[in-house]
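Start from the sequences, fold in the hints, and give me the full structure.
If you want the building blocks of each chain, they are given just below.
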Amino acid sequence: MTAPRPLSLHVPEPGCRPGDTPDFSDFEIPRAGAVRRPAIDEAPEDMRDMAFSVVRVLNKAGEAVGPWAGLLDAEALRTGLRHMLTLRQFDERMLKAQRQGKTSFYMQHLGEEAVSCAFHMALQDGDMHFPTYRQAGLLIASGYPMTDMMNQIYSNAADPLKGRQLPVMYSARDHGFFTISGNLGTQFIQAVGWAMASAISNDTKIAAGWIGDGSTSESDFHAAMVFASSYKAPVILNIVNNQWAISTFQGMARGGAVTFAARGHGFGIPSIRVDGNDYLAVHAVASWAAERARTSLGPTLIEHVTYRAGGHSTSDDPSAYRSKEEFSAWPLGEPIDRLKRHLITIGEWSEERHTQALAEITDEVRACQKKAEANGTLISGPKPSPRAMFDDVYAEMPPHLQRQRQEAGF
Amino acid sequence: MARMSMIEAIRNAHDLAMDRDRQVVVFGEDVGYFGGVFRCTAGLQKKYGSNRCFDAPISENGIVGAAVGMCAYGLKPVVEIQFADYMYPAYDQIVSEAARMRHRSAGQFTCPMVIRMPTGGGIFGGQTHSQSPEALFTHVAGLKVVVPSNPRDAKGLLLASIEDPDPVIFLEPKRLYNGPFDGHHDRPVVSWKNHELGDVSEDYFTVPLGKAKIRREGSALTVLAYGTMVFVAQAAAEEAGVDAEIIDLRTLLPLDLETIEASVKKTGRCVVIHEATKTSGFGAELSAVVQESCFYHLEAPIVRVTGWDTPYPHAQEWTYFPGPERIKRAFAQVLEG
Ligand SMILES: Cc1ncc(C[n+]2csc(CCOP(=O)(O)OP(=O)(O)O)c2C)c(N)n1
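Chain order of the listed sequences is S and G. Numbering that gives the first Met the number 0 numbers the first residue of the first sequence as 0 and each following residue consecutively. Numbering that gives the first Met the number 0 numbers the first residue of the second sequence as 0 and each following residue consecutively.
Any given hint might turn out to be false.
Unchecked claim - Using 27 Å as the maximum straight-line C-alpha spacing, the simulated DSSO-like pairs for lysine-lysine come out as follows:
(1) S:K369 <-> S:K95
(2) S:K323 <-> G:K46
(3) G:K264 <-> G:K212
(4) G:K192 <-> G:K45
(5) G:K264 <-> S:K323
(6) G:K212 <-> G:K265
Calculated directly from the structure, the hints in this document are not laboratory data.
Below is the structure:
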């Protein structure tokens with residue numbers, strides 16, 4: 000017998016760090032239109048290929064091609080473009096507001112706008128999203144008032160959450176938007192529970208859970224997969240793979256798996272990978288999964304392949320851990336440009352209309368910000384009553400809290 | 000001697016421990032290449048290699064569970080939970096596994112690990128970046144619980160924790176990472192660089208676990224505090240002109256009963272301060288301990304000043320946080336009694 004050789008620990012490392020030249024040549028991207036569209040009742044074991052490819056609709060020329068194309072008319076696409084532009088403007092202004100010290104913190108969506116905006120269009124009123132902090136596009140696309148979003152970010156007197164939650168941790172039940180937790184991953188299994196409840200109640204509504212690539216390593220992710228699989232819950236399980244979890248690259252959470260979508264296979268859950276920067280592809284895949292859920296065919300796992308172009312949050316400096324050039328080298332392009340190009344290609348949009356739309360949106364966002372700031376910001380102007388701190392801990396305030404509120408002087 | 004922030008002192012302690020003992024490994028979310036979101040482990044991966052300092056998947060349960068396994072092998076893991084608020088998924092591994100390993104295996108397996116986590120509020124972190132969960136740990140047999148209040152202690156206590164043969168929960172008040180807190184959030188932040196407690200020896204030294212430190216001598220009343228609250232208590236005592244004896248507990252479990260007892264017997268009055276919620280908080284334990292050992296010396300009921308029994312609110316943190324005003328009122332109350 001040969002003497003055993005010493006072991007060594009494998010610690011995954013990204014291919015590119017600050018100073019290196021980004022190289023995405025290993026990332027296999029099928030041509031737009033090349034990936035098949037399975038029947039919604041296709042057996043999970045027959046569609047494993049879907050987890051290793053990338054569903055794409057928009058090609059380089061701006062055309063919508065292949066079996067996933069043709070679901071949205073020009074009017075819907077213009078609405079989609081407007082949602083994404085609005086989200087980007089919203090981000091820009093709120094990022095600036097944070098830099099100006101008007102709030103403590105902000106998290107932007109730069110580069111990921113298509114994921115939540117397009118997905119929202121595939122679901123119906125009454126369905127429930129269990130989002131994490133980078134899906135504000137669900138609110139924008141649902142018509143939730145931007146002023147209320149800003150009131151929340153400013154923790155001001157009109158904050159619907161009474162100054163309790165960290166900025167961007169929205170809650171909007173009437174808009175199908177579950178209250179966001181700062182604790183990663185917890186919402187994923189809750190989404191499954193909501194979907195199970197809908198099934199238990201013989202309802203027709205479905206749920207969508209959202210999680211980042213990094214957070215898929217939390218136990219809650221695996222709990223969600225087991226429950227969704229066992230009970231065939233009417234839920235869509237979305238992994239937003241934006242390549243980074245703060246400074247940690249996606250390979251750390253993915254481990255030895257080839258893709259995040261492939262995680263579904265061990266659970267018998269149909270799993271699809273989609274180009275997250277392609278508005279049409281995200282919408283088409285979401286619609287496919289929604290139909291499966293609504294016809295009692297059970298859960299679908301979707302990996303949205305995208306790129307987090309900005310910092311993780313306003314507390315983060317990404318240049319400390321990744322190449323500054325990485326986003327420009329990112330091969331899936333930029334979602335707003337791609338949809339805009341498509342609309343122009345099909346003769347339904349123009350540079351002039353785009354410039355005009357952008358100006359309108361900028362005005363609208365600015366007006367909302369003005370309205371919100373009239374209600375105060377974190378540092379100045381009207382505030383939620385400190386008295387509210389003691390409300391909603393319980394349905395009815397117990398005596399010890401009443402005493403504490405008095406002691407606090409409210 | 001060097002002037003160090005608490006972050007630098009913690010980093011320096013890691014460095015010395017890794018240099019001295021090859022069994023020490025350091026891991027957690029973002030701690031490797033980047034050096035942690037608070038930069039407490041910056042440079043360690045470069046110096047010691049990714050075999051000994053590395054990133055972990057976002058799985059607190061996994062981080063602590065893996066550390067338990069490493070301990071069973073014979074390593075001494077020092078793990079970072081990015082914020083104390085995120086230790087809940089790891090709670091089962093900490094409480095049911097790490098804490099009881101020595102006892103349930105009759106000493107065959109032990110857990111000489113350190114679990115570091117930033118705690119406390121005062122940085123507008125909202126309810127999920129501000130919690131002070133010490134009482135959830137002090138209730139657990141088999142754990143040790145440490146809360147430093149300044150760079151020198153942070154370094155010495157961390158080195159003692161790494162040397163300790165049992166699992167240590169090391170709670171770092173993030174409000175104190177860069178400088179002491181004068182108790183008033185509307186004043187400029189003070190830096191440790193200009194503060195005597197920022198004077199830290201670069202040599203290897205330990206501050207023993209289980210030993211409190213009298214931060215300010217006094218005869219009118221005893222203040223029991225730890226972490227950020229030591230500074231708030233100091234501000235209150237100075238502003239109120241009260242001859243308060245302020246005890247920085249430093250280790251909550253095991254508790255330095257001798258120092259507490261001697262002080263309360265001397266002053267006859269006691270104020271207990273912490274940032275965490277009041278009900279079943281660590282202040283309840285402190286009050287009970289003082290009552291048990293000093294009852295006949297007490298001249299007034301013990302008063303607790305704590306956070307309110309609500310989640311930590313983003314916009315109202317300064318109403319939530321026990322500031323000098325509330326502490327001065329408590330002083331007046333015990334002095335009247
Ligand atoms: C339970 C828990 N652990 C750690 C954190 C700290 N944290 C906040 S965001 C984040 C990275 C999440 O990355 P990912 O899931 O990929 O989402 P992304 O930010 O990239 O959208 C970490 C580690 C947390 N909020 N909750």
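Hint check:
| no. | hint | verdict |
| --- | --- | --- |
| 1 | S:K369 <-> S:K95 | holds (14 Å) |
| 2 | S:K323 <-> G:K46 | holds (25 Å) |
| 3 | G:K264 <-> G:K212 | holds (16 Å) |
| 4 | G:K192 <-> G:K45 | holds (26 Å) |
| 5 | G:K264 <-> S:K323 | violated (62 Å) |
| 6 | G:K212 <-> G:K265 | holds (16 Å) |
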